[in-house]
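Work out the full structure: start from the sequences and follow the hints.
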Amino acid sequence: MVAKGWIDKVRGQFPTSILKVETFRDETTLVVKKDQILEVFKFLFQDPDLSCDYLTDLCGVDYKPRKPRFEVVYHLCSTKHDRRLRVKVPLEEGNSLASVESVWKAANWYERETYDMLGIRFENHPDLKRILTWEGFEGYPLRKDFPVKGKDFDKPFVPEL
Amino acid sequence: MAETKFVTINMGPQHPATHGVLRLVLELDGEVVVKVTPHVGHLHRGVEKLSETKTYHQVIPLTDRLDYTNGIGNNLGYVLTVEKLLGIEIPQRAQYIRVAVTELQRLAAHLIWLATHALDIGAMTVLFYCFRDRESILRIIEEVSGGRLTPTYFRIGGLSKDVPEEFKERVMGFLGDFPGRINEYETLLTKNVIWMRRTKKVGILTAEDAINYGASGPTLRGSGVRWDVRKRFPYSGYDEFDFEIPIGEVGDVYDRYMVRLEEMRQSLRIIQQAVENLPDGRIMADDPRVVLPPKDDVQRDIDALIRQFKIVSEGFEPPKGEVFMSVEAPKGELGFYIVSDGSNHPYRIKIRTPSFMNLSALPKMIEGGLIADVVSTIGSIDIVLGEIDR
Chain A
14 MVAKGWIDKV RGQFPTSILK VETFRDETTL VVKKDQILEV FKFLFQDPDL
64 SCDYLTDLCG VDYKPRKPRF EVVYHLCSTK HDRRLRVKVP LEEGNSLASV
114 ESVWKAANWY ERETYDMLGI RFENHPDLKR ILTWEGFEGY PLRKDFPVKG
164 KDFDKPFVPE L
Chain X
55 MAETKFVTIN MGPQHPATHG VLRLVLELDG EVVVKVTPHV GHLHRGVEKL
105 SETKTYHQVI PLTDRLDYTN GIGNNLGYVL TVEKLLGIEI PQRAQYIRVA
155 VTELQRLAAH LIWLATHALD IGAMTVLFYC FRDRESILRI IEEVSGGRLT
205 PTYFRIGGLS KDVPEEFKER VMGFLGDFPG RINEYETLLT KNVIWMRRTK
255 KVGILTAEDA INYGASGPTL RGSGVRWDVR KRFPYSGYDE FDFEIPIGEV
305 GDVYDRYMVR LEEMRQSLRI IQQAVENLPD GRIMADDPRV VLPPKDDVQR
355 DIDALIRQFK IVSEGFEPPK GEVFMSVEAP KGELGFYIVS DGSNHPYRIK
405 IRTPSFMNLS ALPKMIEGGL IADVVSTIGS IDIVLGEIDR
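For the protein sequence lines, the chains are A and X, in the order given. Residues in the first sequence are numbered consecutively from 14, following this note's numbering. Residues in the second sequence are numbered consecutively from 55, following this note's numbering.
Simulated from the structure, these hints should not be mistaken for laboratory data. Since we're looking at a predicted model, the values are computed, not measured. Fair warning: there could be bad hints in the mix.
Each computed DSS-like pair below joins lysine-lysine, with the alpha-carbon atoms no more than 27 Å apart [what the hints assert, rightly or not]:
id, chain 1, residue 1, chain 2, residue 2
1, A, Lys46, A, Lys118
2, A, Lys142, X, Lys89
3, X, Lys374, A, Lys80
Anything over 10 Å on all C-beta distances counts as not near chain X; from chain A, calculated [unchecked claim]:
id, residue
4, Gly18
5, Arg24
6, Gly25
7, Val34
8, Ile50
9, Lys55
10, Phe56
11, Pro61
12, Lys80
13, Asn137
14, Asp158
Quick list of the computed label-pair ranges, beta carbon to beta carbon [unchecked claim]:
id, chain 1, residue 1, chain 2, residue 2, range
15, A, Pro160, X, Glu238, 51 to 57 Å
16, A, Pro160, X, Pro115, 21 to 27 Å
17, A, Phe150, X, Glu330, 51 to 57 Å
18, A, Leu174, X, His93, 16 to 22 Å
19, A, Val44, X, Arg323, 42 to 48 Å
Heads up, the beta-carbon is just placed ideally off N, CA and C, and yes, glycines get one too.
Spelled out as structure tokens, the structure:
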């Protein structure tokens, strides 16, 4: 559970960016507009009262057919204050998002994974390429319109040499 | 003027010291490693995608196969997350048994790490000692759950079955032997000159970098950060147990080794407290939505039979919402993020695995060091590719 002061502080700094604050099962979620997210994350990282210095997790969720289709979810943690905070950024299909690799190095592989699994592109990422599947793989497996079992699932994959 | 040329070496994916199908592309300037590029994904099985098509109970066996040295610990992370989503409390007896077997599994996982890590550096004897002791742990786990590597012991709401009568006696016997065994490993390695030369001041990761790279577990604590999910965000009753969090100083391979050894001793303390104070009572939560009725009732009572049939075939429907919950696995922070749309299967599961992040910090540890130290550094972060690739 995040203290109310935290949220007020972020809201004071970015009055127009925060779309919604949700609480479920003692977990606080900030829904933030995509425009200023790098500034928001830098503030969350640097401010001594917040100091979200640890990026626990970063992933994307596909909500097709809802609009906007995607949500990128950041799980932040403060090792000083023992607090967690979830930040969600709604994103239209085809839009890209600023990379937070410059804030947390941990984001490097997470953003690659999100790109690999959902096709969400991150701007200014140093090395945005597939990580769990291979170069040349077609489609984005964690999108809801990607089949769980393809037509050729029992045929061995033989790459061209 | 001489031209500098780097030699590129491909290490893996089939290599005895990469602990699985990990491929590293090393750029070398003589013996010095200039650049490391890890390539992962060879073991990608699509666990997250597959989970979206299963009921909540059916995901438990998939978690066994993430970090396959830590089946029970993975079960714990998943069932706790679903229990949080459902908002149910589980009985204290079940919590204590969970803690005891999870810590036993942690010991088994650390023993595999020690065995393979020492073998990589050339100390073969340690392997036989560690596997001997791991075997006695796996026997206890097998008696309790029925499985050795993939126990699938926990259920949403409690345990699949109560521990057998001999459990306490077996664990106490093990607790009597094992502290001496840890001392044995120490006499083999801790003050061994070869071991110290191969591990001290090697693969250093500073505390600041460790946090920024999202490292966790012994990799983070070896760098001197006193961070353990069991203490910071206690779950499953860990706040009722008395144990210490060991940390290192410089963050080199040796520190990570010392942290894990001390962690084994702390795990023994936790197991002892859990088994000695094991309360009586139920092993399943009292929640008819989730928990299967007792077998006797199913055979006599039509209502119980219907309920059993419904839960097994359809599962249950948790409220709409999303939760994140993490546990301290042997490798670090294992987290599950579950999005529920109110149906009987998860809408999205994201698994935050510790090895994924620890491996992404590997280039930071290796670059600038010698090629001979690559192997000891990989061993020290204790990766399992099953949970990196999912």
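Hint check results:
Distance hint between Lys46 of chain A and Lys118 of chain A is fulfilled; the C-alpha atoms sit about 22 Å from each other, no more than 27 Å. Proximity of Lys142 of chain A to Lys89 of chain X is assessed by CA-CA distance (about 18 Å); at most 27 Å being required, the pair is judged to hold. The hinted pair formed by Lys374 of chain X and Lys80 of chain A meets the criterion: a straight-line CA distance of about 18 Å does not exceed 27 Å. Interface exclusion of Gly18 of chain A from chain X stands, the closest Cβ pair being 20 Å apart, more than 10 Å.
Chain X leaves Arg24 of chain A outside its interface by the beta-carbon criterion, the shortest separation being 21 Å against a cut-off of 10 Å. Listed as a non-interface residue, Gly25 of chain A keeps its Cβ farther than 10 Å from every Cβ of chain X; the least gap is roughly 26 Å. Annotated as non-interface, Val34 of chain A keeps its C-beta farther than 10 Å from every C-beta of chain X; the closest such distance is 14 Å. The claim that Ile50 of chain A is not at the interface with chain X holds, since no C-beta of that chain comes within 10 Å of its own (minimum 18 Å).
Lys55 of chain A, annotated as away from the interface, keeps every beta carbon of chain X farther than 10 Å; the closest lies near 14 Å. Separation of Phe56 of chain A from chain X is adequate, the least Cβ-Cβ distance of about 17 Å exceeding the 10 Å criterion. Listed as outside the interface, Pro61 of chain A is consistent with that label: its C-beta sits roughly 15 Å from the nearest C-beta of chain X, beyond the 10 Å cut-off. Interface exclusion of Lys80 of chain A from chain X stands, the closest Cβ pair being 16 Å apart, more than 10 Å.
For Asn137 of chain A, the non-interface assignment is confirmed: its Cβ lies about 17 Å from the closest Cβ of chain X, beyond the 10 Å cut-off. With a cut of 10 Å on Cβ distances, Asp158 of chain A stays outside the contact zone with chain X, its closest approach being about 12 Å. With their beta carbons about 53 Å apart, Pro160 of chain A and Glu238 of chain X fall inside the hinted range of 51 to 57 Å. For Pro160 of chain A and Pro115 of chain X, the hinted distance range of 21 to 27 Å is satisfied, since their beta carbons lie about 22 Å from each other.
Between Phe150 of chain A and Glu330 of chain X the beta carbon distance is about 53 Å. The supplied range of 51 to 57 Å therefore holds. Checked against the given bound of 16 to 22 Å, the beta carbons of Leu174 of chain A and His93 of chain X, roughly 18 Å apart, stay inside it. Between Val44 of chain A and Arg323 of chain X the beta carbon distance is about 43 Å. The supplied range of 42 to 48 Å therefore holds.
Of the hints listed earlier, there is not a single one the structure fails to meet.
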